[in-house]
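Protein chains: 2
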Amino acid sequence: MTEQIGELNPPNRLMLTPGPSSMDPRVYRALATPLVGHVDPWFRGCMDDVQVLLRQIFQTENRITMPLSASGSGGIEAAVVNSLEEGDEAIIAVNGVFSDRMAVIGGHTAAKITKVEAPYGKPVDAEDVRRAGKGRKIKMIGFAQGETSSGVLTDVDSFRAVADELGALLVVDTVASLAAVPLHIDRQRMDICFSGTQKAISAPPGMSPITVSPRAEEAFRTRKTKVQSWYFDLTTAMNYWGKDRLYHHTPPVSLIFALREAMRIVIEEGLEARWERHRVNALALVAGLEAMGLEMLVKRPADRLPTVTAVMIPQGVDDVKVRNQLLDEFNIEIAGGLGPLKAKIWRVGLMGHCSQKPYVLLFLAALEKVLLDQGVRVPSGAGVGAAVRSYTNVDTAAAVSR
Amino acid sequence: MTEQIGELNPPNRLMLTPGPSSMDPRVYRALATPLVGHVDPWFRGCMDDVQVLLRQIFQTENRITMPLSASGSGGIEAAVVNSLEEGDEAIIAVNGVFSDRMAVIGGHTAAKITKVEAPYGKPVDAEDVRRAGKGRKIKMIGFAQGETSSGVLTDVDSFRAVADELGALLVVDTVASLAAVPLHIDRQRMDICFSGTQKAISAPPGMSPITVSPRAEEAFRTRKTKVQSWYFDLTTAMNYWGKDRLYHHTPPVSLIFALREAMRIVIEEGLEARWERHRVNALALVAGLEAMGLEMLVKRPADRLPTVTAVMIPQGVDDVKVRNQLLDEFNIEIAGGLGPLKAKIWRVGLMGHCSQKPYVLLFLAALEKVLLDQGVRVPSGAGVGAAVRSYTNVDTAAAVSR
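Quick mapping for you: the protein sequence lines, in order, are chains A and B.
Mapped onto the working numbering, the consecutive letters of the first sequence carry residue numbers 1 to 402.
Mapped onto the working numbering, the consecutive letters of the second sequence carry residue numbers 1 to 402.
Next up, chain A with everything else stripped away, as it sits in the complex:
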């Protein structure tokens, strides 16, 4: 009981992980701003600001738009348990750990869940979902626009078309894609969309932005039973974030300050510019990795999520040794694989603040050193060289199109 715990003194990492991402110094400053109370009249205005910014980033006018006081997985739970109750059926498109999590959480409800699967590394074909739902009453279709565990991007519109045919609510996981990949909630008519703060928004982890269409809100109103979670009941949680500001629970004020600042940075850059930055840096990273002789898990370039690049670990190379050397020698963190992809892939995150040319070039150079030390034959300078040429090609194309 008398163990002494020393000063907080973490290493200074560059986080090229699929979240959390390293943050802009302005966000740290906002995070450390002296607290105010969650019912302080000033804070009500701050909440308005957060909602204005969230609606801009989600590109929506949805009334229910707020950051949940939970991680992205809390966002999954909120989306699922508000949509489903006994007697309902849902189809979840599963192509990774996080889309599977949506099905797992569905399994905690009394609804009937059907999984439509694709191999990790590919998007689920919307056609397969259509077939699975044919002739059945489907309440909800869920999928991940960006599957963090495998780095796969899934096209929203084809799923919307199927959901329209089946009369289902469309629930979209954008934890790894929001503010990095084109997304228009209202125009693409998504019904519930949730995300995380620690990915391409580059705020600290701990909140899950969520937005709910009027149609989904109406579906909540006509439920026969209570939402099985009090904490994640979006209707009552919104009473606090809505115009009445009715107390529900104490939100993480400091995280809200930081989220507000991180979103200001997103809007200052502009969504289009931010999407393009993520695209260009991911292209350069992949060009570099391929030039080093590494293979991507996701074969079709169009299926690659720009925020998470999944690289196959070469035969005979020790997953953990490589990642530990990157940490110890370069203070760079990348992630390993999850579930069936454990020890099979590395996941390199280029999210928000971390999607930067200097980090891409540094990472490729550091990886070359580490792979060489681990006995992998890597052509000298090939990774950095290919990334540089990728950037130059993009610049040239842009100059021509001007």
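Any given hint might turn out to be false.
One copy or any two copies: either way a pair holds, since identical chains are not told apart in the list.
What the hints assert, rightly or not - Calculated cross-link-like contacts (lysine-lysine; reagent style DSS-like; alpha-carbon spacing at most 30 Å):
| id | residue 1 | residue 2 |
| --- | --- | --- |
| 1 | Lys226 | Lys342 |
| 2 | Lys342 | Lys243 |
| 3 | Lys224 | Lys115 |
| 4 | Lys344 | Lys243 |
No wet-lab data here; the hints were simulated from the structure.
Using the hints provided, position chain B relative to the given structure of chain A.
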């Protein structure tokens, strides 16, 4: 869609509320420490530290001891949904909004919930719980040691005795009491105990420390059905906080840094010294308020929670006007009443970092000014004078006992 959101520029408040409390500058510094990843090997050690400190503060050796990634209300939900399933019966002792919330959340489960109530301002008599449970199979008894909404302290031991008789798990809400009021999880044999970080620990809001006895853990293992919440399933959440560090969800790293620092401060002060500090400052506050002619909601001094003092609003005085003037003229936030106590009481919080002599004296002086302006006849300087004398009496008693 083009509304400009300006710089973050909150007022600098002294938060004499029932949470969040103002924080030590060291905690802000920890909060703004550059992030590391949640699976970084260094962070695993940081998690160990947090658990060592939590066990010291809870005074327990319980394996399941961790901060949940949610507010204190999330802690209520976790305690309730892990304990209860269809076919179970629970008794909740309700004497305020937060103990009632435990019953409300119970109402989202398939278990049968019986409320045993006391008027807000009094503890529930454990004898009434015994009577209600007599001859029935009760799975869980829940109550709040500190009821934040009314400032009532409830004796743990009498509830433990009843739970023993009925063979029930004892679930204790210590959101407003942990680190401020004597509490020994193991010695007092509480089964599940949850708290909040933003109260007497004076870390930022956003996490709910929780601890689970081996007996309750065994009860979780023998459940017939899944826990209805995936996010709040304590068994799988503990797989991340346990020795395997299996990924569950991304925790709020920055909040964990801040919590670690805030708990170091708690341990540096010492639990006994901290309890005594809360006691002495609450005594002085009450002495001051009574000398100003104000009445306490909680009549019996032994029932008063030292962290939250509930003061009756004098006849004809406008609740909101007084609180707004305190904010505008003195930058001091206190809280109003909740639910049936709305506009009937003020709640003055002296929690953690805020339980300090200078704040007590400043508050009493500011309140005198505001009440006078609002037309209340207040004896000149009586509040401050009585508080000063209360402190002197404590010092004299301590000197005599030495």
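The hints, checked one at a time:
no., hint, result
1, Lys226 / Lys342, "between (38 Å within a copy, 26 Å between copies)"
2, Lys342 / Lys243, "between (46 Å within a copy, 19 Å between copies)"
3, Lys224 / Lys115, "both (25 Å within a copy, 24 Å between copies)"
4, Lys344 / Lys243, "between (49 Å within a copy, 24 Å between copies)"
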